[in-house]
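Taking the hints into account, I'd like the entire structure generated from these sequences.
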Amino acid sequence: WLPSFAQISIGLSAAEGGHLVGQYWLGMFIGQILTVVIVVRLGAVKMSFIGALGCFMAAALLFTYPVSLVSPSMLALIWGVCNFGLLKCLISQATLAFNETPAGLIPSLLLAASLGTACSPLASSWMVEALGVAAGMMTGLVSLAAVLLLVVAAIAWRRDRNLSGIKQ
Numbered sequence: 001w002l003p004s005f006a007q008i009s010i011g012l013s014a015a016e017g018g019h020l021v022g023q024y025w026l027g028m029f030i031g032q033i034l035t036v037v038i039v040v041r042l043g044a045v046k047m048s049f050i051g052a053l054g055c056f057m058a059a060a061l062l063f064t065y066p067v068s069l070v071s072p073s074m075l076a077l078i079w080g081v082c083n084f085g086l087l088k089c090l091i092s093q094a095t096l097a098f099n100e101t102p103a104g105l106i107p108s109l110l111l112a113a114s115l116g117t118a119c120s121p122l123a124s125s126w127m128v129e130a131l132g133v134a135a136g137m138m139t140g141l142v143s144l145a146a147v148l149l150l151v152v153a154a155i156a157w158r159r160d161r162n163l164s165g166i167k168q
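Sequential numbering from 1 applies to the sequence shown in the numbering used here.
Since the hints were derived computationally from the structure, they do not count as laboratory data. Wrong hints could be hidden among the right ones.
Pair ranges (Cβ atoms, derived) [claimed, not checked]:
id : residue 1 : residue 2 : range
1  : E100      : G11       : 28 to 34 angstroms
2  : P102      : A145      : 24 to 30 angstroms
3  : L105      : S13       : 40 to 46 angstroms
4  : L105      : L42       : 20 to 26 angstroms
We put the beta carbon where it would ideally sit given N, CA and C, even for glycine.
If you want it as C-alpha cells, here you go:
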C-alpha cells in the first residue's frame with residue numbers, strides 16, 4: 001500500500017512511490033549488515049532488546065509526530081534500517097532457550113516469518129483501505145510493542161531458568 005499511499009497522500013509519481021519500497025528494502029539490507037557486526041559485539045539477546053525497543057520508539061515517534069523534516073525516500077531508508085535484522089536476532093535468541101536446538105526450530109521460525117512476510121502486505125493494505133493510514137500505523141505500533149514485551153519476557157524466562165550463559 002505504500003506506493004499508492006505515496007501517490008495519493010504525498011503526491012509522488014508511481015515511480016517515486018515504488019522507489020520508496022526499494023529504499024525500505026535497501027535500509028533493511030544495510031540494517032542486516034549492521035546487525036551482524038553489532039550482534040558479534042553485544043550478543044543476540046541485547047541486540048534483540050535494543051532492536052525491538054528502537055523499532056517501537058521509531059514507530060511511536062512516526063505515529064505521534066509524522067516526520068516531514070526528511071524526504072520520503074530518506075524516511076523509507078531510515079525505517080528499513082530501524083527494522084534491520086530483528087528477525088535474525090529473534091531467531092538467534094530462540095535458539096538460546098535450548099541446550100540442544102531442536103532440528104525443526106529454525107525451519108519452523110523461518111516458515112512463520114515467510115508466512116508473515118507474504119501475508120502482511122495484503123492484511124495491512126486491507127486495514128489501511130478500510131480504516132485509514134492511522135489504523136495501519138497503530139497496528140504496526142501495537143505489533144512492535146508485542147515483540148518488545150515478548151523479548152523482555154524471553155530474557156526474564158531465560159534468566160529465571162539460569163540459561164543466560166548457554167551458547168552465548
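Status of the hints after comparison with the structure:
1. For the pair E100 and G11, the supplied restraint of 28 to 34 angstroms is violated, since their beta-carbon distance comes to about 56 angstroms.
2. With their beta carbons about 28 angstroms apart, P102 and A145 fall inside the hinted range of 24 to 30 angstroms.
3. A hinted range of 40 to 46 angstroms holds for the C-beta pair L105 and S13, which are about 45 angstroms apart.
4. Between L105 and L42, the C-beta spacing of about 22 angstroms keeps the proposed range 20 to 26 angstroms intact.
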